[in-house]
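Given next are the chains, with one letter for each unit.
Number of protein chains: 2
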Amino acid sequence: MRIDGLQYANWSEKIFRQLREGRVDAVHVTIAYHETFRETVLNFEQWNRWFETYGDLIMKGTSARDIDVARDTNRTAIFFGFQNPSPMEDDIGLIEILHTLGARFMQLTYNNQSLLASGCYEAEDTGITRMGKQVIKEMNRVGLVVDMSHSADRSTIEAADVSERPIAITHANPFEWSPALRNKKDDVLRAVTQNGGMIGFSLYPHHLKDKSACTLQSFCEMVARAADTYGVTHLGIGSDLCQDQPDSVVEWMRTGRWSKEIDFGEGSAASPGFPEMPSWFQDNRDFGTIEAGLRDVGMNADEVAAIMGGNWYRFFDENFGASVP
Amino acid sequence: MRIDGLQYANWSEKIFRQLREGRVDAVHVTIAYHETFRETVLNFEQWNRWFETYGDLIMKGTSARDIDVARDTNRTAIFFGFQNPSPMEDDIGLIEILHTLGARFMQLTYNNQSLLASGCYEAEDTGITRMGKQVIKEMNRVGLVVDMSHSADRSTIEAADVSERPIAITHANPFEWSPALRNKKDDVLRAVTQNGGMIGFSLYPHHLKDKSACTLQSFCEMVARAADTYGVTHLGIGSDLCQDQPDSVVEWMRTGRWSKEIDFGEGSAASPGFPEMPSWFQDNRDFGTIEAGLRDVGMNADEVAAIMGGNWYRFFDENFGASVP
Numbered sequence: 001m002r003i004d005g006l007q008y009a010n011w012s013e014k015i016f017r018q019l020r021e022g023r024v025d026a027v028h029v030t031i032a033y034h035e036t037f038r039e040t041v042l043n044f045e046q047w048n049r050w051f052e053t054y055g056d057l058i059m060k061g062t063s064a065r066d067i068d069v070a071r072d073t074n075r076t077a078i079f080f081g082f083q084n085p086s087p088m089e090d091d092i093g094l095i096e097i098l099h100t101l102g103a104r105f106m107q108l109t110y111n112n113q114s115l116l117a118s119g120c121y122e123a124e125d126t127g128i129t130r131m132g133k134q135v136i137k138e139m140n141r142v143g144l145v146v147d148m149s150h151s152a153d154r155s156t157i158e159a160a161d162v163s164e165r166p167i168a169i170t171h172a173n174p175f176e177w178s179p180a181l182r183n184k185k186d187d188v189l190r191a192v193t194q195n196g197g198m199i200g201f202s203l204y205p206h207h208l209k210d211k212s213a214c215t216l217q218s219f220c221e222m223v224a225r226a227a228d229t230y231g232v233t234h235l236g237i238g239s240d241l242c243q244d245q246p247d248s249v250v251e252w253m254r255t256g257r258w259s260k261e262i263d264f265g266e267g268s269a270a271s272p273g274f275p276e277m278p279s280w281f282q283d284n285r286d287f288g289t290i291e292a293g294l295r296d297v298g299m300n301a302d303e304v305a306a307i308m309g310g311n312w313y314r315f316f317d318e319n320f321g322a323s324v325p
Numbered sequence: 001m002r003i004d005g006l007q008y009a010n011w012s013e014k015i016f017r018q019l020r021e022g023r024v025d026a027v028h029v030t031i032a033y034h035e036t037f038r039e040t041v042l043n044f045e046q047w048n049r050w051f052e053t054y055g056d057l058i059m060k061g062t063s064a065r066d067i068d069v070a071r072d073t074n075r076t077a078i079f080f081g082f083q084n085p086s087p088m089e090d091d092i093g094l095i096e097i098l099h100t101l102g103a104r105f106m107q108l109t110y111n112n113q114s115l116l117a118s119g120c121y122e123a124e125d126t127g128i129t130r131m132g133k134q135v136i137k138e139m140n141r142v143g144l145v146v147d148m149s150h151s152a153d154r155s156t157i158e159a160a161d162v163s164e165r166p167i168a169i170t171h172a173n174p175f176e177w178s179p180a181l182r183n184k185k186d187d188v189l190r191a192v193t194q195n196g197g198m199i200g201f202s203l204y205p206h207h208l209k210d211k212s213a214c215t216l217q218s219f220c221e222m223v224a225r226a227a228d229t230y231g232v233t234h235l236g237i238g239s240d241l242c243q244d245q246p247d248s249v250v251e252w253m254r255t256g257r258w259s260k261e262i263d264f265g266e267g268s269a270a271s272p273g274f275p276e277m278p279s280w281f282q283d284n285r286d287f288g289t290i291e292a293g294l295r296d297v298g299m300n301a302d303e304v305a306a307i308m309g310g311n312w313y314r315f316f317d318e319n320f321g322a323s324v325p
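These protein sequences, in sequence, are chains A and B.
Following the numbering used here, the numbering of the first sequence begins with 1 at its first residue and continues without gaps.
Following the numbering used here, the numbering of the second sequence begins with 1 at its first residue and continues without gaps.
Just chain A, same shape as in the assembly:
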């Protein structure tokens, strides 16, 4: 089973076919960065059109069982998430509405302070806000997973603590391996995994050691070390694949409508666009390469299967439904 914990591709029939070629059974796709509620609904609408048009390649996923249906019918199940809480605006009632529409992950922040928590680019990390605590409780109730991929350290550790259900970092790597602002320090990874949560390892070059030049072996050795440290059952892939996106999209991701000045995020004035993906992971057809790479660094078949999809399957199964009162 192959499940990818995060992608934000410029979706097309070509990519849907590559998902099938790569035997990707399920993928969590971002459908909002800075969108309002109504704009996010337009993105749900766009996906409904794709499900109707490409019903032989993809299907909407809302529970782990849909992954079984997708496998049985040779399709990829698409699960929705947001990289910012902007779709819920300032209205806690929208959490259940968005879950009903299919949202299954929501980051409490993107890079900036939100109404709920601090983003990893803020100078001050003030932790989970008053509203943030209420929102985590409501997300726990309906089965919308707290994702802290872009949040600051204290906020993430507090979220793992406040949340009564496991949380996720869908796409990031250990800071120790590659000291990027977006990567996660040991205490953060411990707080998330000890709470039953998941880490999805990112293939976005800014999160990789040596960026685009990162070797498959270095990536796989990092995964194997993380399995030793945090336990293999808490690990998966969250490729952060942004295939075929124009550079205007990375500008939108970084700057939204919050600034009139350009913010280069993990990039720089010299290279403001999307970075080149590593040669061994260009698109969805390359998951087999990672699978082989993990075996090559000494992980056994069960461990590799868990990381490539089994762990995300279990996590989806346990965390996408309403909490039992």
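Everything labelled a hint here was simulated from the structure, so no lab data went into it.
Check the hints yourself; a few may be wrong.
Given that identical chains are not distinguished, each listed pair holds provided it fits within a single copy or across any two copies.
[Said to hold, decoys possible] Listed next, the in silico DMTMM-like pairs over lysine to aspartate or glutamate satisfying Cα-Cα at most 25 Å (straight line):
| # | residue 1 | residue 2 |
| --- | --- | --- |
| 1 | Lys-60 | Glu-261 |
| 2 | Lys-60 | Glu-45 |
| 3 | Lys-137 | Glu-52 |
| 4 | Lys-60 | Glu-138 |
On the provided structure of chain A, position chain B as indicated by the hints.
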């Protein structure tokens, strides 16, 4: 089994308890008259709060099977509908979104011309518009029932013809029995029922012979005659009960934001408010009275059971899911 095809009460714990006292297994409730999409979402949110707070009395209904669950757990299943297409605004993609949120009926018009069809108060009835035809097709696809309760005659007959799935008049009576503008002429009732559709008989005084003074016997004789004429399988109740609503609400229903002048609709300057309900149908505890009244005019037990809920159950079962391609 007791199913009511339309209510717009000022919902409260009191009314939820009366639904249980009256053994109402399911009710189709109006959650939008003139609301935009975002305003309608607020109404879905309000109902989510009620489902959470009064989970021992009510539950959300999306398919006929939920009525069985409600009966088994001594609750009432609440199904949602709109008396105007305003929640979908000018965006055909919102039809599936609203269906996903739980909408199961949508009127193509309230009393006025809409983007889709003509309302029964317009001087000209131009039938189903270009957009209306597209919308009916999409409603058929997702399983959102076309309701023509407030639409003009030609529009209704055309809708019954254009729609590939049965349509409904959830709340109205035969014009022949009570010649109100909102009641339906023979050719309209034939078009709807011959297409497999349903008629819900209204207890709203403006739709009754002699209005608030209408007798139970006269109402039940009308139902029995309709069963002879159109076939008992196409008939149900759609009480149009607007319990505990202040008169400001009937003003909103009639005038929305489309006029600065008051429109009295079925009322008049002399009696602009909600009319007094007939003595024998004051609230949800009185469905047994209608049941007994139908037996008293000679209908047999099977016929009465079909009208009180069996027919709506079958109709819900056949028309709330996606069409089979």
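So, going through the hints one by one against the coordinates:
1. Proximity of Lys-60 and Glu-261 under a CA criterion of 25 Å is satisfied in neither setting, with 37 Å inside one chain copy and 47 Å between copies.
2. In this assembly of identical chains, the alpha carbons of Lys-60 and Glu-45 lie at most 25 Å apart whether taken from the same copy (12 Å) or from different copies (23 Å).
3. Proximity of Lys-137 to Glu-52 under the C-alpha cut-off of 25 Å is restricted to the inter-copy arrangement: shortest distance 14 Å between copies versus 34 Å within a copy.
4. In the homo-oligomer, the alpha carbons of Lys-60 and Glu-138 lie at most 25 Å apart both inside one protomer (23 Å) and across protomers (18 Å), since each shortest distance falls under that limit.
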